[in-house]
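Asker: Respectively, the protein sequence lines represent chains A and B.
With my numbering, letter number 132 in the first sequence gets 135, and the count goes up by one each step, no holes.
With my numbering, letter number 340 in the second sequence gets 343, and the count goes up by one each step, no holes.
It is worth saying that the hints were derived from the structure and are not from the lab.
Identical chains blur together in the list; that is why a pair holds if it fits in one copy or across any two.
Below, a list of computed lysine to any residue pairs in the SDA-like style, where the Cα atoms sit at most 25 Å apart: (1) 127 to 247; (2) 127 to 184; (3) 45 to 101; (4) 251 to 133; (5) 335 to 349.
Number of protein chains: 2
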Amino acid sequence: MDEEAKITPWEVTSTTTIDYLKLIHQFGCQPIDGALVRRFEKVTKMKAHPWLRRGIFFSHKDLDLVLNAYEKGEEIYLYTGRGPSSESLHLGHMVPFMFTKYLQHALDAIVVIQMTDDEKYYFKENLSLNEANRLTRENAKDIIACGFNPKKTWIFSNLETVGGSFYRNIVQIMRHTSGNMIHGIYGLDLNNSVGQFSWPCFQAAPAFSTSFANVFAQRHVQCLVPMAIDQYPYFRMAREIAQRLGFKKPATIQSRFLPSLEHAHDKASSSGQREVIFMSDSKEVVSKKIREKAFSGGGMTKQEHIEKGANLSVDVSYHYLLYFLDSDQELKHIAHEYKAGRMMTSEVKKRATEVIWEILKEHQEARSLVSDDVVQLFMNPDREFDHSRHPKNPVVDDLEEQHLGFHFDPYFRSSC
Amino acid sequence: MDEEAKITPWEVTSTTTIDYLKLIHQFGCQPIDGALVRRFEKVTKMKAHPWLRRGIFFSHKDLDLVLNAYEKGEEIYLYTGRGPSSESLHLGHMVPFMFTKYLQHALDAIVVIQMTDDEKYYFKENLSLNEANRLTRENAKDIIACGFNPKKTWIFSNLETVGGSFYRNIVQIMRHTSGNMIHGIYGLDLNNSVGQFSWPCFQAAPAFSTSFANVFAQRHVQCLVPMAIDQYPYFRMAREIAQRLGFKKPATIQSRFLPSLEHAHDKASSSGQREVIFMSDSKEVVSKKIREKAFSGGGMTKQEHIEKGANLSVDVSYHYLLYFLDSDQELKHIAHEYKAGRMMTSEVKKRATEVIWEILKEHQEARSLVSDDVVQLFMNPDREFDHSRHPKNPVVDDLEEQHLGFHFDPYFRSSC
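Throw the hints in and build the complete structure from the sequences for me.
Answerer: In C-alpha cells:
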C-alpha cells in the first residue's frame, strides 16, 4: 500500500494498487491459502465459494478454529451488518451479504445482521433518526433478497434493539475501552461527537453471543464475522476486549474491496463521489454505466491494444467478472484473450454487463417479493431460532484440484 | 469558594467554607429568595419545606417557570437518581429523595428515579455489573421507604432500561455532544474509558420526558430536577442540548451538601474516607459517631466555651439540627444559647442524636416493609401511571411571616 492509501472503517482511498499483503501484516491477520480453502471444503462438505477460490475473501483470523469447532459439532454464528445510508444497496454492499448467505448454508449457522441506524445518524450529516430508521427497513429488503434462512437469521436495528443483554455487553465493552484505544485505532478524538467516539463499542458487541439473550440465551457461542478488510479494526478491538472480559474472541474473514467503476483500487461507495452500480438499476442504466464509466485496461487505440494487450489489474469490467462470473473456465479464457489483445474492451464490457444484469434481475425479482411483513418477520426478536444442523451429502465431487486462495493471482498476471 | 475547593459530580472537597453564592454565579443559576419561597407556597398551597425556608435548597434554574406551568394546570415531572455503590444509603444521600418526595406531594408530580448501575460500574473499580445491579435493588428499598407514591413513581435501573425511546434520546444527545464539551464540563479526556466519557449523555436523557414512552407516551412534559449543587453540570449540559433538539429545558433546584461528621464543609460520602451516618445504623452507633466524631464549634475548654461561645458555622451537630429538626423555634433557641456559650456541645450533640435517631428509626421501620415485591412494583415499567392532580385545601394557614430563602443565614451569624 502506498503512503497515500487510507484505510479506516469510514474511508478507503488509494492512489495506486492496495497492497493487501501489507494490510494483512499491518492488521495481524493471516492469508487464506489453498490448504485452508481445501480444509473449508472438507469440513463443510461444500465446494468453496468462487470468492474463496479466487482470493477475494483473502484473509482471516481464526477461521481454522471455527472449522475445528464446526467439525466437533459446536455451534458457531455469523455476524455482519449495514449502515443504512442509501435508498438502494450497490453491488459492493452486496458482497458481504452474498458471502454470508453462502456461509450460513455451509456452516448451518445463525446469522445476526446489525442495521446501524444510530451510527449513520452520528456520521452522516443531515440524516434524521427517523430517516435512518426508515432506510434500515428498505435496506433490509435488499439483504433478505439474498436468500437468508428466516429460521436462522435475525436482522435488527440498533435504535430498536439496544437494551437488555445487548446493552449489558455494550457497557462492559465501554468500561474496558479507553479513549486512547479509540483514538489509536480509529483516529477519533475530542473533536468528534460522543456518539461517534463511543460508536465502536456498539459495533463490537454483536460479536459476543451473550449480547442476544433472545437468540442464544446465556450461551457463549463462537462468532465468525465476514467483512471487507476495512472493517477489521473493529474486530481487532473486539478480540482484545474479549480477552479481558473472558468472552470468546470473534473469528473473522476479510474480503478485498469491490472497485468503483472509475477506479479499480477504490472501494465502491454510495457517497456519490464514485460511480457505482445500484441493485435497483435498470438494464439500460447498467449497460450505460459500464460502457461509459468502467475504467478500461485496454490499449488507447485498437492498434495499441492488439500490440500490447490489456492490463487486467486496472480493468474494472474484468474485476467485476472476477467477482460475478461463475465459470472459472470462461473467466480464464477471457483473462487470457483480453490480456493478449485478442479480445476487445467492448466485448469484455458486454459480458460484464450481461453477468451483472443477470444478478440484478434476479435480485430485483427476489426483492419485489419482500413485503414489509417479511421484513417484520426477519426483525422479530421474539421467535424460535433454528439452531439445528442439517445433514449434508458427505461427498463433494467437484472439488477443485488446487486452491491457491490468497496466493492465487486475481489478475492472472502470472498464469496467463 | 477558595482555590482549593473542587466541585464535580464525582468529587467535592474544600478546605474552607464553600462559597455557595460564588457557585451560583459560576454555574449561572439563581438564588432562591424569600419571594420565590412565598410564591412556591401560594402556588402549591403547601407550607414550604424547612429546607426551602432555611436556605438548604438555595439555588434554582427556572423553578419560577415550573410554578407558572403548575399554576396553569400543566403537568410537570421530577427526575432524581442514585448511583448504587453502597449497601445502605447515608443521611446525605437521603436529602434529595426526602425533598423530592415532598415535591411530589406539593406538585402532584410523576417522579422518575434513575439507578445508575452502569455509571457505578464505570467509575468504581472492582464493582461487578451483577453487584451494581444488586445494589440497585437494595438502594431502591431505602428510596421507597421515603414514602413515594407508587402510582406516580417509576424507579429504573439503566442496565435494565436503556433501549427503546430512552436509547433514541440518548443517541440524539450523543450526536449533539462533542468530546470537547465533555472535557470542558467534566474534565474527562482520552485517558478515561469510553463508558466514563459518554456517561453524561446517559445521565442527561431522563430530563426529557420523551425518553419514557411507557410513562409519558410522546408528550413533552417539563422536568424539574432536585439535586445537590455538584450535579448541576449535567443539567447545564442537558439544557444546552435541549435547545438544539427542540426539547423542553429541564428546570433544577439545588441544595447545599450535608456535611460529613468530621468536617462541616465536606460533602458526606460513603467512600469510607469520611465518617457518615448510614440509614441502617443502630441507635448506639449513631450516638457513638456523633459523640466521638461530630466536629464541634464549641470552646476547647468549658471556660473558653462560656467566654467565647460556639462557632455554629463549623459545628456539625448544629448543621444536622438545621437539616433535621422540624421546629424553627427550638432551632433558634439552640442556636442562640449555643452561640452564647450557655449551651454545651454535649447538649447539642445529645439533641442531634435524638433527632437523627428518630429519622433513622422511622426509616428502618418503613424499609423493613419494603419487600422485593414492592421493589418490583416500583420498577415495573408496564403499568398505569397516575398523571392526575388531586385537589388540595386552598388555604395554608401557617405560612411563615417572612421567608428569606438563600439570604437566610443558616449559621445565625447575624441573627443571634
